[in-house]
Amino acid sequence: MGLVALDNLGIGMVLASDVLDRNGRMLLGAGAELNQKHLTIFRTWGVAEADIAGIDYVDNELPLPAEIDPVALVAAEEALLPHFKHSGTEHPALRELLRLAAIRKVLHGLC
Amino acid sequence: MAFADAPTYTVQWLIDRTSTVYSLPLFYDRLNEAINHPRTSVDDIGKIITEDQGLTARLLRLANSPMFGYFGKVDSISKAVTIIGTQQLRDLALAASVMGIFKGIPEELMSMATFWRHSIACGIIARALATWRRETNVERFFVAGMLHDIGQLIMATVLGELVRKMIEETQTEELLYFDVELKRVGFDHAEAGGALLKDWKIPANIADPVAFHHRPARAEQFPLEASLIHIADIICQAFELGQSCERFVPPLDGAAWDRLGMTPHQLGAVMKQAEPQIEETFAILTDAA
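Residue numbers (numbering that gives the first Met the number 0), protein chains in the order written: chain L, 0 to 110; chain F, 0 to 288.
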């Protein structure tokens, strides 16, 4: 089992534990096999991640938009790093902000 | 030597100097009084707002902007009061009128356009984070975000030369602006901004988060609001949305992040929702009415 981010959930994955919405209401029980409708419902109710059976290691790096060149992305992250000098990128939230800011830079042709 | 030895300023001294230059439009007091009066009707509130045609136009455009999603259905202030709510409309009116107050800061010291872009972006993101959390009255988060750096403006007005030196020092020494302020002035723009809003009798649920946006752990009365503005400001700096005197992403208070109850993966979704609203809101609020 492992926590998989919403954007990385796929049809056919099997839940290792119940999925609750943010108010604690149960949306789908453990053992259910995900279909497209489930994913839509998760998104609607603000579910961030789900516990998936049969997964030991979770690479929660979200898939990149197809039009993004990974080399350009690394370059954009490096260009942004001095900006993060005082905040660091150790905290997962800042790591994610750096990644999102770099994607944005590449998409908008800002670098 | 670029700086005098020891900082000799106090927040109160700054506020006293400021209140002779800037004051809130009278209508805000009247509006507040009307809202707090138990027998006020929607029409009464509408009358006070519509006395200012420019403000009325901006509020209606805001109410019809993507932020609210009514798209052309809000055609009168009384309708806006009904749909958005009286306190929320008062908060929006505050946001829409504050931008007009600060004139006369030299452009080479601070660009007002980039300053307000940063401020509005912070307000929109704070509002989006609050919406995600299903908070009530999300407009107060918008206003607190929009006014979070207002202390920088009053310091630029009263202490212009010192602010120019501090911006220089921030750049050449690669320091955080609010650390330089603390060292050179004795307090930072967050504290100054919070004090100004209190002086203007703005409710504490807006003034406090402004005062503590760099130190959310010290906000005793409104810790969630302060945490949210703290995070929204960090997001703005990371995304380089507009620009205040600060050049770097401020350090994150981990407890403030935890209080938000969000996973990092949700940031992308919130930003996807917030970003398109920034330009539109900026255009509405900066449009000379």
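These are calculated hints, taken from the structure and not from any lab test. Since the structure is predicted, the reported quantities are computational estimates derived from the model, not experimental observations. Do not take every clue at face value.
[Claimed, not checked] Derived BS3-like pairs (lysine-lysine); straight-line CA-CA distance at most 27 Å:
hint, chain 1, residue 1, chain 2, residue 2
1, L, K84, F, K182
2, L, K104, F, K102
3, L, K84, F, K164
Right, here's what the structure says about each hint:
Distance hint between K84 (chain L) and K182 (chain F) is fulfilled; the C-alpha atoms sit about 20 Å from each other, no more than 27 Å. Of the pairs offered as hints, the one joining K104 (chain L) and K102 (chain F) is violated, with about 32 Å between alpha carbons and a cut-off of 27 Å exceeded. As the CA atoms of K84 (chain L) and K164 (chain F) are separated by approximately 21 Å, the hinted pair is consistent with the 27 Å bound.
The structure is inconsistent with hint 2 alone, although it conforms to all the rest.
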